[in-house]
Structures are given as structure tokens and as C-alpha cells.
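Asks: Each chain, letter by letter, is given below.
There are 4 protein chains.
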Amino acid sequence: MAALTVGFVGLGSMGRGMAANLVRSGFSVQVWNRSPGPVKALVEQGARPAADLAGIFGNDIVVSMLADDRAVESNLHDPGLLEGARARLHINMATISLPLARRAAELHAEHKIGYLAAPVLGRAEVAEAGKLNILAAGPDELLEQAEPLFAAMGQRTWRLGSEPHQANAAKISANFLLACAIESLAEATSLAEASGVKPADLVELLTNTLFPGPAYTGYGSMISERRYEPAGFRLVLGMKDVNLALEAGGEQHVPLPFGGVLRDAFLDAVAHGDADRDWSAVAEVARRRAGLD
Amino acid sequence: MAALTVGFVGLGSMGRGMAANLVRSGFSVQVWNRSPGPVKALVEQGARPAADLAGIFGNDIVVSMLADDRAVESNLHDPGLLEGARARLHINMATISLPLARRAAELHAEHKIGYLAAPVLGRAEVAEAGKLNILAAGPDELLEQAEPLFAAMGQRTWRLGSEPHQANAAKISANFLLACAIESLAEATSLAEASGVKPADLVELLTNTLFPGPAYTGYGSMISERRYEPAGFRLVLGMKDVNLALEAGGEQHVPLPFGGVLRDAFLDAVAHGDADRDWSAVAEVARRRAGLD
Amino acid sequence: MAALTVGFVGLGSMGRGMAANLVRSGFSVQVWNRSPGPVKALVEQGARPAADLAGIFGNDIVVSMLADDRAVESNLHDPGLLEGARARLHINMATISLPLARRAAELHAEHKIGYLAAPVLGRAEVAEAGKLNILAAGPDELLEQAEPLFAAMGQRTWRLGSEPHQANAAKISANFLLACAIESLAEATSLAEASGVKPADLVELLTNTLFPGPAYTGYGSMISERRYEPAGFRLVLGMKDVNLALEAGGEQHVPLPFGGVLRDAFLDAVAHGDADRDWSAVAEVARRRAGLD
Amino acid sequence: MAALTVGFVGLGSMGRGMAANLVRSGFSVQVWNRSPGPVKALVEQGARPAADLAGIFGNDIVVSMLADDRAVESNLHDPGLLEGARARLHINMATISLPLARRAAELHAEHKIGYLAAPVLGRAEVAEAGKLNILAAGPDELLEQAEPLFAAMGQRTWRLGSEPHQANAAKISANFLLACAIESLAEATSLAEASGVKPADLVELLTNTLFPGPAYTGYGSMISERRYEPAGFRLVLGMKDVNLALEAGGEQHVPLPFGGVLRDAFLDAVAHGDADRDWSAVAEVARRRAGLD
Chain A
1 MAALTVGFVG LGSMGRGMAA NLVRSGFSVQ VWNRSPGPVK ALVEQGARPA
51 ADLAGIFGND IVVSMLADDR AVESNLHDPG LLEGARARLH INMATISLPL
101 ARRAAELHAE HKIGYLAAPV LGRAEVAEAG KLNILAAGPD ELLEQAEPLF
151 AAMGQRTWRL GSEPHQANAA KISANFLLAC AIESLAEATS LAEASGVKPA
201 DLVELLTNTL FPGPAYTGYG SMISERRYEP AGFRLVLGMK DVNLALEAGG
251 EQHVPLPFGG VLRDAFLDAV AHGDADRDWS AVAEVARRRA GLD
Chain B
1 MAALTVGFVG LGSMGRGMAA NLVRSGFSVQ VWNRSPGPVK ALVEQGARPA
51 ADLAGIFGND IVVSMLADDR AVESNLHDPG LLEGARARLH INMATISLPL
101 ARRAAELHAE HKIGYLAAPV LGRAEVAEAG KLNILAAGPD ELLEQAEPLF
151 AAMGQRTWRL GSEPHQANAA KISANFLLAC AIESLAEATS LAEASGVKPA
201 DLVELLTNTL FPGPAYTGYG SMISERRYEP AGFRLVLGMK DVNLALEAGG
251 EQHVPLPFGG VLRDAFLDAV AHGDADRDWS AVAEVARRRA GLD
Chain C
1 MAALTVGFVG LGSMGRGMAA NLVRSGFSVQ VWNRSPGPVK ALVEQGARPA
51 ADLAGIFGND IVVSMLADDR AVESNLHDPG LLEGARARLH INMATISLPL
101 ARRAAELHAE HKIGYLAAPV LGRAEVAEAG KLNILAAGPD ELLEQAEPLF
151 AAMGQRTWRL GSEPHQANAA KISANFLLAC AIESLAEATS LAEASGVKPA
201 DLVELLTNTL FPGPAYTGYG SMISERRYEP AGFRLVLGMK DVNLALEAGG
251 EQHVPLPFGG VLRDAFLDAV AHGDADRDWS AVAEVARRRA GLD
Chain D
1 MAALTVGFVG LGSMGRGMAA NLVRSGFSVQ VWNRSPGPVK ALVEQGARPA
51 ADLAGIFGND IVVSMLADDR AVESNLHDPG LLEGARARLH INMATISLPL
101 ARRAAELHAE HKIGYLAAPV LGRAEVAEAG KLNILAAGPD ELLEQAEPLF
151 AAMGQRTWRL GSEPHQANAA KISANFLLAC AIESLAEATS LAEASGVKPA
201 DLVELLTNTL FPGPAYTGYG SMISERRYEP AGFRLVLGMK DVNLALEAGG
251 EQHVPLPFGG VLRDAFLDAV AHGDADRDWS AVAEVARRRA GLD
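Chains as they are written, first to last, in the UniProt record's numbering: chain A, 1 to 293; chain B, 1 to 293; chain C, 1 to 293; chain D, 1 to 293.
If you're looking for bench data, these hints aren't it; they were derived computationally from the structure.
Take the hints with a grain of salt, since some may be wrong.
[As the list claims (entries may be wrong)] Below 30 Å or equal to it, Euclidean Cα-Cα: the simulated DSBU-like pairs (lysine-lysine) are: (1) C:131 to D:198; (2) A:112 to B:131; (3) B:131 to A:131; (4) D:198 to C:240; (5) B:198 to A:198; (6) C:198 to D:131; (7) C:131 to C:240; (8) A:112 to B:112; (9) C:198 to C:131; (10) D:198 to D:131; (11) D:40 to D:131; (12) C:198 to D:112; (13) A:40 to A:131; (14) A:131 to A:198; (15) D:240 to A:240; (16) C:198 to D:240; (17) B:240 to C:240; (18) C:112 to D:131; (19) B:40 to A:198; (20) B:198 to B:131; (21) B:198 to B:112; (22) B:198 to A:240.
These numbers come from a predicted model, not from an experiment.
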């Protein structure tokens, strides 16, 4: 049996590590990226360059890791591209909206190409280490086919249903919860500080008792130290994800009052120049509201 | 040197375990409670009964664990009681408001009785096991004196400052964060459910990745199973604590937009008959808003 | 038949005009105020000074116009005062909380003194002109007795029920709506300005079409001109009234999401030094959130 | 000089009255509508039918009154249509988003067709009576050209700037304020009712004092009578307009906390089946939150 060939689209900070791990695991990987730099780096690690997206869709399986709805739509939703594709499966690992997730599933079905959604939890360094948590949804038989690739890129795969958009919904919900944790910490540390308690003391107490784990520990220390650079996740992207949650809630008629508060806090942060700092910089909004400093 | 004598006020679900651990650790403990039942139980474990609160304040150290501001004010803020007290230190372990915490510190200073605030994290079973987290604040020399008692009741003492109200501020902030985590989970699981993801799947994913620890794990499973009884912490008490945070924010001019949302959600829950269920029943409000069911 | 005698308590900016109108209408008015200046002024207009509050309660009818719950409780809820009172009716025209309104009604009933609540709509100059709108509630026969006094002070009496607290609830609701109108204008003018529309143009359009009347016209022009001084109604008092609405909602389990937003906006304004400007200065919070200026 | 010819697109409940008034004022009007019924009615009143949209754009001036962004984009933003147009001016009277308003202005500029935005305030019966308030923006010389048409359709034209989107921003702000007034009334009447005050009494008081005018009077009586049918303005359209405000705020980084509350309340209403009732039915959400009934 010939080795499975994989076409990989999107070598951003996440995608490059993911593609490298596929190469490392023995897949025959062909890569494409809008800008050529990352392609060169991957080729040095053993990948083949693709002349264009059509080339990518000539592999057995396509994996894409693009930035957002717009990038997915403009690059991958070209009917000509899917029409001529040889690929039998496309695994879309981007964090996209539910409406787009549903349209993508329909579009691939029309062209008889298997389609899975598999967004991930984890930053660039986790992607590099092959330790991502992969949130996957789609038909079981496709999930089985994808499993060797997931195993190369992640530490665990979470199956969330047989319709691809379910994985996107879970990813959106997870990011929504992260944003809520950040705003909660922002409000609580502002309250503590105004009441004479050191934010760092509060965070140490919390993360050693009720709230262990990476989210509260990481964001808690960033907020208590007011250290928002370098950005682990840019605030403007966090706002995009909060808007995805609100959009999903709008579609399904699910009011999200915390989501509305988050939206306003992120807008306030962007209006004050913090778009490119870490999204935990939303804590500065809470401080400003309280007149701290 | 004669053994230190301890007067203990308030044998509710928390206080009885705490007092029992003091007895077990060899302190000479005298107890008082509004209703006699718990007194009898403690006496069987080796405590002495007190005829009245004045008797309690005849010990070296007084420990009190009352329900709320009202109970503290009506029982302990009697000038006659403090006037005649022999006790050199009162450790108030209740979750009370910042204004009352400040008044209590002043009142004890006027009567030259040492005063510490030491609210705790942990439920009745944790109190019974002597494994509480104790949030303590007040003058260092008093904290030293209290440490043997804290060691008997808790697994760790967190020192939060030299003014007692700082410990209360930290406790209020911690409970505020718990309430935020519950509402976040409520909104996220409603969104997930409406989008076709099983709440239990989302919770399992979250608590194994971003949000390990007792808060998300415990409340996550209660919410995804819609199991709000028996109440670990009654919703109406949770609402009281959210109001303490809002009151503290009001006093210090710290807006708490998540707090406002929480307040409304708890009121909605109470208006629908859930006052005595676990406070995670606030998730039913999120479901009702979305028309789920 | 001897002329009706009236004891009037509270000669602040509102009370002095109201008392003067009672004098002008021929009532025999005796006045009391914490500070003596306003008493002197009223005496020059024909009122008699009272040595103390007991003197005031020696008249047929007592009218009080105090600042808030605290002033009412500390001045009027002295059991000795009511015990020895000759007055058959007390008309409390202050804006007070619903719990206090209920307690006041009970307390007067115990002492067999009639009790009405009659808070007003209108500023100092309206009080002076005798053109207040009077929101009255209480037993019908007492309202009949009070009508001549109301006629002297107001342009119209609105009867809101047979229990005094109903008038307070209506007053609290009216002020809540004013605060909502201000915040609405604040958000809408910020949005307009950021989108290139002059706030003054928007306000002119609105107040000539959908929103005529004093609230939108007055606050609209203050906000579009950013002219918050002199204060028609101090922001910190507006915050107090919003808190009365939230407290009433808390008591009756009525969530008020707009109320929570208002509370935070007022706290933000106070944290930024605007406590003593007109409450329409809450519009500066909306501007700050948006980074305008 | 030949009479000015006008092409009119969109004969919905608003457009039919507006077109009829243009006919009545002597303009030579040609009409087009997706469904043929309204065309027939207008032709009976003296208009000429157009075979297609290209025919409409063969007139001197085009007036369009379509439902929303989608209708405007799908009908009017066809490059071929504008390419072949003889019209020198297009007056777009729809309530559309700011991004679309900007794109429309650019698109018409590219095709050298004048473009004005002129959304209106007023319902179908006001349109029929020719008494609309017209919110107009665009180059002065074009506004001059449009004035005779505006005079035929409206009672007053409000000029809001030289860039068309400014009129859309004003319209969005006005509708946002209406929605805020409705939610304010909803919360206040729920609070009043729970406190024992009849909503109708509160509304009568308010609309005779602080809040005269059509908005509070009309919505106040609908809410106090809980009479939401027939719909003057369907709730789902109101939600669309709130979303336009939030979208505009998102574009300009203007947080709108009242807007977030509105969004959630409308979603809650839609989730409970009230999409097609009048948008004042959002008051039922406030009642439900409070457990009234």
C-alpha cells in the first residue's frame, strides 16, 4: 500500500508545527501557504511544496489550518477547486463560525469529498510539541481515517458528534469560557486591589485551591503582573472568538449576557489601543472603569 | 503553662466540624449555639457547654462561625459583651461584608480585644476533615497566636494582609469567581446544547484540558446532569455572596458587569422557586432564556 | 373651625419652596430644619419656627421632605417622637426605599398616626412655583385630607394606591426611567459621534419627533453640549436612586438588566470624579468606553 | 422642461404609500416590486409599471425602499444594472448597515451616479399620509435635487451630513433609542407591578409628565395592556435594528451595554415564539424573568 499523502494548507504559527509533526510521523506531506517563507522552512523539514491549492487537493487527505472565516472562504470555497479535487477527505482545523461550518459541510458533500471539523486547543508551542487537544466532529468512518493524523498532531482527540459543526460549536464554547475566566479575574482582581488585597495574593490563593489549571494560572499571573506582552493570543482575535459565540447564540436564540459584557470590554480595549496585546489586557478595562491608577 | 482555652460560637454545618477539630487537637473548647442540639453533640465529643455568650468571651480566644452580617451583628456586636470580655483575641471566620468587617475591627480595638478575620474555603465535609483553606488577615502577632487553631481546622492558611477586612475581600472575590464560573458554564452549555453538542461532552473536554479542578468539575457535572439537589451551597446564599461583591464594589467604586449579570440571574432563579437548590441551578435560568426544553 | 396647622420638616432646596407655598396658601405652618438658615427665611415669609421635632409633631398634619432613608430614619423614626405626637397625619414626601416605606407605615399605624407617602416629580424651581407632580398613596380618607396641601404645592396629584409604599415604588420607577433615558442618550450619541453624526443634530431630530418632553430635551442638550454643571440633580444622588430601584427589584425578585448597567456606569463616573456633576455626566463614561477624545 | 421621471423600487408597506405620494405630487413615477400585486395597485393610482430594474434605472431619479441589507445588495448592487443606468441620482431610503451604506456610496461613485441615504421615521400610515420624517445625508447639491421628492413624502427633512452613511447612523441610533425606551418601560413596569403599582397608572403618570410623545405613550400602553398584536413593528425586525446598532458600534469600537441587554432580551423573546408580535412584546421577557404570572 502506498503511503498516504497529505496536502497541508496554512502554515501560520499553529499550522507550521502541525505540518512538521505530520512529516515527522512519516506522512508524505505537501504544503501550501499564501506567503512563501514558511513553505521553505517546511520543505527543509521534508515536505514537498505545492504550486497551488489545486495541487494540495491532489493528495489523499487535505488538512487546512487557516485564520478565520474569510481565509477559509476565499481560499477553499472555490467550486473549481473542489470540482477537480482528487482528495477524499478535508480536515478543517480552523476556528470558524457555525454558519460557515454548515456551508462547508454541504459544499463538500456536493462534491463528494469527506469533510471533518477538527479545531484545536493549544498554542503554537503546544502545536510544535504535537500535544494539541483536537476537537473533532463528523462521520465516524472519516474520524477513523483521520485518527493517524490526529495522533501525529495531538495528545488526545475529543469526538463531539457526527456533524462537523459540532466540533466548531465546542471550540467556540471553550474559547468563550476562557474569555469569561479572563473577565472574571479582571473584575475580581480589581475588586480585590481596590479593597486592599494584592491581586497576586488572590491569584495564588485561587490557583492553589478552586482554580488550578492553565487558564486561571496563566491569565491570573499575566493580569496580576499587568504583563500583556508578548501576546499569547491577540486581543483582537479573542474579540473575534467572542463574536463567534454571540453569532452562534444569535443563530440558535441563546442569550449570552456574559458574552455581551465581554464584547463591550473587548471593544473598550481596542478603542484604547490594546488590540495587539494579549487578550488578558481586557483586565485594563476593568481597572480603568474603577479608576485604578 | 495552662492549656489555651477556646470559646466557639456558631455550630452550624461548618462550625460543628471546625469546633470538633479544635477539641480533637487538644484545645479546651467551650461552645455556644443558638439552638441546643449541636451543643449537645459537641459536648459528647469533649467540649464544655457555655451558659451564654458572655461565658464564651471568658476564654482566651474566641472563634466564631456565624451565618452572615445579621447573625454577627446581633450576637457579637453587643457592647456589654465585649466590655466584660476576658478574651484577648476573637477570630471571626464568617463570610461578612467589608463595611461590617471594618466596624468589627474598630469595635474590638475600642475594647482592646485582638481581632482577626479568617473566612474559609471548603464545604461541611472539608471542615469535618480539618482540610479547610483559611483566608486570614490581621496583625502578624495575632496571626501567630491563631496559627495553632488554624492548623487544627485547615490544611493551609493564606495570609492576606494586616487589616482583617482584607481576608473578607479575598473571600468575597473568591466566591464571586465561583459564581462567574457557574454562569459561564451555564451560558456555554446552553450554547453548546442548542448547537447540538452534549453538555456532558463539553464539560468532560473542558475539565480535562483548560479547566481542571473542583469548581469546573463539580459544577460542570451538576449543570450537565441538571442535578441541583442536594444543595452543596444554597442558591439564596450564593446570591447573598454576589451581593456582598456588588456592595464591596459599590463602596470602592469598582463596576462589576459580570456581577450585575449574576445578580439578575440569581433573582430570576429565586423568582422561579430555586432558592433552596444548589446555586448551580442558575443554569436553569440560562436554559429558560434560550427556550431550551 | 380653627385653621389647620401644618408642621414642615426639611427645608432643603425642595422643601423650602414647598413650605413657602403652604404658607402662601393660608396654612398655619411651623417649620424645622437641621440647619437654622432656611428656618429664618421661611419665618420671614410667615412661618413659625419650631424649637424641635416634637414641636412639629404638635401640629395637625406633618409634612416631611428629607433627603434619604438615613435622614428619615434618624429624624422621624424616634418612638418617643411618635409616642407624644398630637398630629393625626404625616405626609412623607421624600424619595425613600420600599423597605423603609413599609416600616414607616407600620410604625405610624402602631402609634395611630395617619401616614401617606407623596414623593414628587420636579426640581427646586418647580417646587417654588407650586407646580410639582405629586405621587401619592395611602388610605383614601387620608388622601382627601391631604389634597388641600397637595393643591398648594403641586399642579397635579397622582393617586397610586391605598398603601403608601406604592407611591415610593412609582417614584423609584420614574427615576429609573430617567436614568435609562440618560444612558440611552449617552450610548446613542457616542455611537452617532463615532459614526460622524453630530450629537446635537441627533438630539434635535429625536426631540422633535419621537422623544419630545423635558427628559430627552433637557438631558439631550446637556449631553450633546457636554455641559454638566451646574448640576440639576447630582450624579451621586442619581446613583442612590438607581440603587433604590435595584434594591426594590431585589426585594421582589425583579431582575433589572438595564439597572445593572446603570449602576456600573454611575460607579465608573464617581470613580472618575463626577459625583457632584449633573447625573447626565454619565455620558462621559460612554465616551470614555469608546475612546472618544 | 420635461417632467422629472422617478423610478421607485420596493412597494412594501412603507414604499407603496411613499410612491403613491410621489404620483399624487405630479411626478412621473415608474414602479417595480418583486411581487406584482403592489405594482398593479400603484398603476391604478397613475404609476407606470417597469419590466425590470433596468427599466427603473432609466428614469432621472431612482428611489428605493427595500427591507434590509440583503434586499439592497441582491437587487441593487448588480454592476450591470448601475453600468447601464441613465439615472443621475439614487435615493436609498432603506434602513441599512453602515458598512453597506459606505459600499453603496462607493459603488455609485464608481458609476458616476449620485447617491443619497434617506431612511425615514414613521410607520405605514404615516408614509401614506406623506408625513414621514426623512433623515437625509449626502452632497448638498443632491439633497437640493431630492428635496421636491422629500416634500412629497415627508413632513420634514433632517439633513445629517454630506456623507450618506451619516443618515443611516442617525436612523440606527434613533431605533436603538426606541428599543431602549421599550426595554426601560418593560423593566420599570415589571418592577412597579411586583411592588403593587398598576403598570397603566405608572404609564399614565409618566406620559403626562416626563415622557410625553409617541414612543412612551404608544409602547407604554401596549406594554401595560400586554397587547402586542397587531404588530406595528415586528419584533424580529426590531432585533435586526438592534443588531445594526451593535454592528455599527463594533465597527467604530463603541461599547453599547444597553445594546447587549437588548440583544439578549430580543433573542429570549424570539426563543419564546414572539418573533412576529410587536417588538414591545420584549416586555414579556421582563415579566418572565421576574416570574410574574
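Asks: With reference to the structure, classify each hint as holding or not holding.
Replies: Hint-by-hint comparison with the structure:
1. C:131 to D:198: holds (24 Å)
2. A:112 to B:131: violated (59 Å)
3. B:131 to A:131: violated (35 Å)
4. D:198 to C:240: holds (24 Å)
5. B:198 to A:198: violated (39 Å)
6. C:198 to D:131: Roughly 24 Å separates the two Cα atoms, so the pair holds.
7. C:131 to C:240: holds (25 Å)
8. A:112 to B:112: violated (83 Å)
9. C:198 to C:131: Between residue 198 (chain C) and residue 131 (chain C) the Cα gap is close to 35 Å, so the pair fails against 30 Å, i.e. violated.
10. D:198 to D:131: violated (34 Å)
11. D:40 to D:131: Roughly 24 Å between the alpha carbons, so the hint for residue 40 (chain D) and residue 131 (chain D) holds.
12. C:198 to D:112: Within the cut-off at roughly 28 Å; holds.
13. A:40 to A:131: Holds: residue 40 (chain A) and residue 131 (chain A) sit about 24 Å apart, inside 30 Å.
14. A:131 to A:198: It is violated: about 34 Å lies between the C-alpha atoms, which goes past 30 Å.
15. D:240 to A:240: This hinted pair holds, its Cα atoms lying about 20 Å apart.
16. C:198 to D:240: holds (24 Å)
17. B:240 to C:240: Measuring from Cα to Cα gives roughly 20 Å; hence the hint holds.
18. C:112 to D:131: Not satisfied, since the Cα-Cα distance of roughly 59 Å exceeds 30 Å.
19. B:40 to A:198: violated (42 Å)
20. B:198 to B:131: violated (35 Å)
21. B:198 to B:112: Not satisfied, since the Cα-Cα distance of roughly 59 Å exceeds 30 Å.
22. B:198 to A:240: holds (24 Å)
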